[in-house]
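*Asks:* In the order they appear, the protein sequences are chains A and B. Here the first sequence is numbered in my numbering, starting from 1 and rising by one per residue. Here the second sequence is numbered in my numbering, starting from 1 and rising by one per residue.
Check before you lean on any hint, since a few could be wrong.
Below are the DSSO-like pairs computed for lysine-lysine, each with C-alpha atoms no more than 30 Å apart in a straight line [unchecked claim]:
#, chain 1, residue 1, chain 2, residue 2
1, A, K52, A, K96
2, A, K69, A, K96
3, A, K96, B, K65
4, A, K3, A, K52
5, A, K69, B, K7
6, A, K3, A, K96
7, A, K69, B, K65
8, A, K96, A, K54
9, B, K7, B, K65
To give an idea of the interface, some chain B residues facing chain A are shown, with a C-beta separation under 10 Å as derived from the structure [what the hints assert, rightly or not]:
#, residue
10, G111
11, T115
12, V116
Short derived list, chain B residues pointing at chain A, Cβ under 7 Å [to be verified]:
#, residue
13, M31
14, P39
15, S42
16, F75
17, L92
18, G96
19, F108
20, P110
If you're looking for bench data, these hints aren't it; they were derived computationally from the structure. Here the structure is a predicted model, which is why all the values come from computation and not from measurement. Idealized CB from N, CA, C, for every residue including glycine.
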Amino acid sequence: LAKTTQPISMDSYEGQEVNITCSHNNIATNDYITWYQQFPSQGPRFIIQGYKTKVTNEVASLFIPADRKSSTLSLPRVSLSDTAVYYCLVGDDDYKLSFGAGTTVTVRA
Amino acid sequence: SAVISQKPSRDICQRGTSLTIQCQVDSQVTMMFWYRQQPGQSLTLIATANQGSEATYESGFVIDKFPISRPNLTFSTLTVSNMSPEDSSIYLCSVGGAGNIPPYEQYFGPGTRLTVT
Chain A
1 LAKTTQPISM
11 DSYEGQEVNI
21 TCSHNNIATN
31 DYITWYQQFP
41 SQGPRFIIQG
51 YKTKVTNEVA
61 SLFIPADRKS
71 STLSLPRVSL
81 SDTAVYYCLV
91 GDDDYKLSFG
101 AGTTVTVRA
Chain B
1 SAVISQKPSR
11 DICQRGTSLT
21 IQCQVDSQVT
31 MMFWYRQQPG
41 QSLTLIATAN
51 QGSEATYESG
61 FVIDKFPISR
71 PNLTFSTLTV
81 SNMSPEDSSI
91 YLCSVGGAGN
101 IPPYEQYFGP
111 GTRLTVT
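Chain B with its partners taken away, still in its complex shape:
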């Protein structure tokens, strides 16, 4: 298994500003993912972040709005840029590819609850 922490756990931000969310894993992992979960909704994949390459974004998400860094095998950041109230959500990172763990068995962080006013 893998233990994942996220910082901050929650934040309240003003529109037009940016917030960087950190995701730290206690072991080296190949794949890291960023999801968004809007209030009362399911999870939506934002992007896949692999170390040493550019993040791959899902339809509806762009790098200018959600830049991602993956400097090493245990860490990633997601920035929510030029925020608006519609960005108010829980942002979660997950990891896969740790050891012999199969791809469908991912481990999720606790999430970052973002409120934009």
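Just chain A, with the same shape it has in the complex:
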């Protein structure tokens, strides 16, 4: 499993866009990039998954450059309820999820 590196924490304000970059220099050809969100006192929740280029859903966008050695999760116009820990995971078509330290995003009013 490729190791991931992401910032420990990020602060933002309501209405701003938050971009979290994850480094995964050793990503393998078969690996996907997946992001989870975890609110306090809850289990993680799947946000988005991608392989290359850009993926967008109702929650976030995921940008993946051509070399796939990094990826950026973009949260548009965050609100206080987006305060959570965001995990970047890299792995192939395997059910085992390997969680790193995650990024604690704090949104302030």
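Fit chain B to the supplied structure of chain A, relying on the hints for placement.
*Replies:* For chain B alone, coordinates are given in the frame of chain A:
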């Protein structure tokens, strides 16, 4: 999607005792997983529980300490045996393989917060 419930939601236990945590899913799923999340830390996979076979444990976790049952496709239990304060953690179950959901998209229960005194 899948809805997962866990019982108990929290418990305070004395050292040396055991606690069994239940995980119930609202649909049949192939894969169930048990994780541990120590205070302020990330999640660590304990084991994979597939119905009809023995659980597969990750490095550092053994069956004698964390016996797991998976009697059917909607239910699993994790027992934390002979507890010590170091076992104080949040224990979470997750599921994968429900319908056409890809393996990297798992659904997690709310967790069981265990405190060992």
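*Asks:* Give a verdict on every hint.
*Replies:* For each hint, the structure was consulted:
1. With a C-alpha separation of about 21 Å, the suggested pairing of K52(A) with K96(A) holds against the 30 Å cut-off.
2. Under the criterion of a C-alpha separation no larger than 30 Å, the hint pairing K69(A) with K96(A) is consistent with the structure, at around 21 Å.
3. Of the pairs offered as hints, the one joining K96(A) and K65(B) holds, with about 21 Å between alpha carbons and a cut-off of 30 Å not exceeded.
4. With a C-alpha separation of about 18 Å, the suggested pair K3(A) and K52(A) falls inside the 30 Å cut-off, and the hint holds.
5. A C-alpha spacing of about 40 Å is found between K69(A) and K7(B), which places the hinted pair above 30 Å, so the restraint is violated.
6. At most 30 Å may separate the alpha-carbon atoms for a hinted pair to count; K3(A) and K96(A) meet this at roughly 14 Å.
7. The suggested pairing of K69(A) with K65(B) is violated, with an alpha-carbon distance near 38 Å, which exceeds 30 Å.
8. Proposed proximity of K96(A) and K54(A) is supported: the alpha carbons are some 24 Å apart, at most 30 Å.
9. Taking the CA atoms of K7(B) and K65(B), the gap is near 19 Å; set against the 30 Å cutoff, the hint holds.
10. Interface restraint check for G111(B): the shortest CB-CB distance to chain A comes to about 6 Å, inside 10 Å, so the restraint holds.
11. The restraint placing T115(B) at the interface with chain A is violated, with a minimum CB-CB distance near 14 Å, outside the 10 Å limit.
12. With 10 Å as the threshold, the beta carbon of V116(B) stays out of range of chain A, its nearest partner Cβ sitting at about 19 Å, so the hint is violated.
13. Taking 7 Å as the C-beta cut-off, the interface hint given for M31(B) holds, the closest approach to chain A being about 5 Å.
14. Annotation: interface hint on P39(B) violated; nearest CB of chain A at approximately 12 Å, more than 7 Å.
15. The criterion of a C-beta within 7 Å of any C-beta in chain A is met by S42(B), whose closest approach is roughly 5 Å, and the hint holds.
16. Violation of the interface hint for F75(B) is found here, the shortest Cβ-Cβ separation to chain A being roughly 17 Å, above the 7 Å cut-off.
17. Look at L92(B): its Cβ gets to within about 5 Å of chain A, closer than 7 Å, so that hint holds up.
18. A least Cβ separation of about 5 Å between G96(B) and chain A falls short of the 7 Å threshold, and the interface hint therefore holds.
19. The restraint placing F108(B) at the interface with chain A holds, with a minimum CB-CB distance near 3 Å, inside the 7 Å limit.
20. The beta carbon of P110(B) comes within 6 Å of a beta carbon in chain A, closer than 7 Å, and the hint placing it at the interface holds.
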